[in-house]
Amino acid sequence: MNPKKQQRLILFGGIFLAAAGAVALTLYALRGSITYFYTPSELALLDETPTSPIRLGGLVAYESVEYDRAETGDVVSFTVEDGGAAVVRVNFAGLLPDLFREGQGVVVQGRMTGDGVMTADNVLAKHDENYMPKEVAEALKEQGVWKEDETGS
Amino acid sequence: MSAFFAIIARDVALAFRAGGGALQAVSFFALTIVLFALAVGPDLALMSDIAAPVLWTSALLATLISLEQVYRPDREDGSLDVLAETSDVLALTAFAKATAHWISTGLLLTAATPILALLFNIEGPALWPLLLSLLIGAPGLSLIGSFAAALTAALPRAGLLIAIIVSPLYAPILIFGAGAASAGAAGDPQYGANLALLGASSLFAAIFSPLASAAALRFNLD
Amino acid sequence: MPDAARYTVTLAACDLAVARGGRVIVDGVNLAIEPGDAVVIRGPNGAGKTTLLRAFAGLLTPAGGEVVVSDDRQRVFCGVLNAGKPTLTVNENLRFWAALYGARVAAARAALGLEPVEHRPMRELSTGYQRRLGLARLVLSGRAIWIVDEPTAGLDAASTTAFERLLAEHRARGGAAIIATHEPLDAPGARTLELQP
Amino acid sequence: MAATSLYELANPVRFERIAARAFPVSLIAAALLGAFGLYFALFNSPADYQQGETVRIMYVHVPAAWMAMFCYSAMAISSIAGFVWKHPLADVAAKETAPIGAAFTFLALFTGSLWGKPMWGAWWAWDARLTSVLILFFLYLGYMALWRAIPDKTRAAKLAAILAIVGFVNVPIIKFSVDWWNSLHQPASVLRAGGPSIHADMLTPLFFTIGAYVFGYVALLLASMRNELMARRLARMESASAPSPASLVER
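Chains as they are written, first to last, in our numbering: chain Y, 42 to 194; chain D, 141 to 362; chain F, -11 to 185; chain P, -10 to 240.
Careful: at least some of the hints might be erroneous.
[Said to hold, decoys possible] Straight-line C-alpha distance at most 30 Å; calculated DSS-like pairs for lysine-lysine:
hint, chain 1, residue 1, chain 2, residue 2
1, P, 164, Y, 175
2, Y, 175, P, 106
3, P, 106, P, 164
4, P, 75, P, 142
5, Y, 182, P, 106
6, Y, 45, P, 75
7, Y, 46, P, 75
By construction, these hints were calculated from the structure, which means they are not laboratory data.
The whole structure should be built from the sequences, with the hints applied where relevant.
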């Protein structure tokens, strides 16, 4: 085998191995799911509560939002759920985005300050891919076609 | 195949001779880390929180400044012609050049990390994720970087241009590298996934970089 | 030199055109080179000698026509640059090339008289010795077709004669050479071509 | 048919003739569609059930983001065409697409930021979609910088083409980033399995503005390609005074 052919073989063999390795690693990583935020259920599965700042994503539970107008300013607390058993109670002092409401998807940045309790530095509202006029949304809800879990997540 | 190793040996030797980039890169690495530390101030807890991103960014910048040395000197003194006329598969030659660059910068930076990490209050077990991520990611930095160096081989002052071209391409390696190092230190389960994606990025760079570099070099021979 | 190792490589340029900076500067070049041939190319500065040589060497894609070589791996190009590394010693440079061309150092080093400076870094050498190191690569490569740009620029009379002798030996073994130069070159039987607008 | 018309376009003289006619047509189309689109977007489309009036930013933002990716893809495809078919206009098209694409990318980032503040509560978030689009912007800048840095334009065309092709990996990452990672940015609404999830009353103005952006791109591209070709012709005329090609003569 002449050197050129031999080197071509090395090149293509190397490319094939590297490609296989890259695909395998990517599949492995996607199985572990690399996330922009944790959901409450994922957080509950962790062995120990993270001490560093994290992002928490989920839906604001219905009838969970409480405003505490103390002298320190507006403090709001609410529960974030993801349909599983685990929930996280979030305390936040600051401006909430327009989209923030019960049942809405949110991404909360902050630190865990206890088991299932989080102090937020920032609350971001996540909006979904559905765009429609208000009347249509209401009509859909009345007809019962509207599935609540379509929002957020 | 002996040519492959001869190229690596020569480039590594050159990097450590007078005017070579190896010691400059590692000094720059140390300097950036010190400057970061001075800017952050004395908060040790904050320092260990940001150690991984700071060391990763510094390693990236140190790699960046040494990239101009990969192909431009060879183009200027005629060596590139010799490499081209003796190479059977130019992509393998480009791979050898990138490997040599990794040995003389990336590996050196990784080796210097345990000491420099002390400046950011990182020691003991927290060090391992950082070292492992650099070991996996730094070859990717050299591979992608040497592609940008090949594109600009014929340009006399390409340092800034290389930085502009290569920075967006470096983004995945930086994100997954610093992400893995941070997650590993914090005991976060995303450590493995970040490390895997870092490895995938480096392997992907190992595929495209030699081929693209070879194509670029051919047009830079003219 | 053993007579058995005779070269049989030929090179032909057919209607070759080369461009520099997107403009065709040389065209209509037809040239056939047989074993033992030497071609000296002359012409004013900027006429495109170097560009043409690079096309012969296969380092530059022609703007038109083609260069055909009977064996692709038998060309060696030596430009005005010596292709050595200033911080490496003469021996280190030679050994690196030897690894690339799959050849040996000793004969080439002796042929160009480089022994006295073999352990010195290239940047410490005089211009003449640096050029000799550059030319040593032609001999070292063991390739049939030398393509050389200004081989004797910066060489003293004795060194020029030495190069002429090496060239004669190379041709005697069936080797060929294309040389661009402004200087007088004693190469018996060489064809001289002029680049004219 | 397609092949012949492509090769007809390949001839710069024919291109000039066709472009001279296509340019005003696409400019007018862009203006009309833009006017219709803006009218519908601002006055004749409903507010969103969640976002209220702020949803109207979508009509500027979504087409800009699409064009950002479209332009990069067009650039990469022209670059490949330049290598494979040696198409004389391919590198001109790629080169002139870059600044337009960069402008669209900037517009997408800027309007997205304006939209993000009231909706999400942040001007910027480092999520996968936003980050990958920002990287796209820098890829455009790198591509343009490379073109500018290399004085020899034939070489610049080839090297920039390699860079454009390499950078193309980012385009699928942008498109699928919202599916692969659970990001802050919402998933695709129009091009998705199961049909658009945008109400028809909102889809209409969106299609108008998308049309306006596409024709706007075509008009800008044609204008700048004509400019570039004219500049090259001028450069060639200037170098015509240079000596004619030399040839080898036996002496």
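Restraint check for residue 175 of chain Y with residue 106 of chain P, where alpha carbons must lie at most 30 Å apart: Measuring from Cα to Cα gives roughly 22 Å; hence the hint holds.
Holds or violated: residue 182 of chain Y to residue 106 of chain P, with C-alpha atoms at most 30 Å apart: 28 Å, holds
Distance restraint between residue 164 of chain P and residue 175 of chain Y, which requires alpha-carbon spacing of 30 Å or less: Satisfied, since the Cα-Cα distance of roughly 29 Å is no more than 30 Å.
Agreement of residue 45 of chain Y and residue 75 of chain P with the hint, judged by alpha carbon distance not exceeding 30 Å: Holds, at roughly 28 Å.
Distance restraint between residue 106 of chain P and residue 164 of chain P, which requires alpha-carbon spacing of 30 Å or less: 22 Å, holds
Straight-line alpha-carbon gap residue 75 of chain P to residue 142 of chain P, limit 30 Å: 15 Å, holds
Restraint check for residue 46 of chain Y with residue 75 of chain P, where alpha carbons must lie at most 30 Å apart: 28 Å, holds
Comparing the model with each earlier hint shows no violations; every hint is respected.
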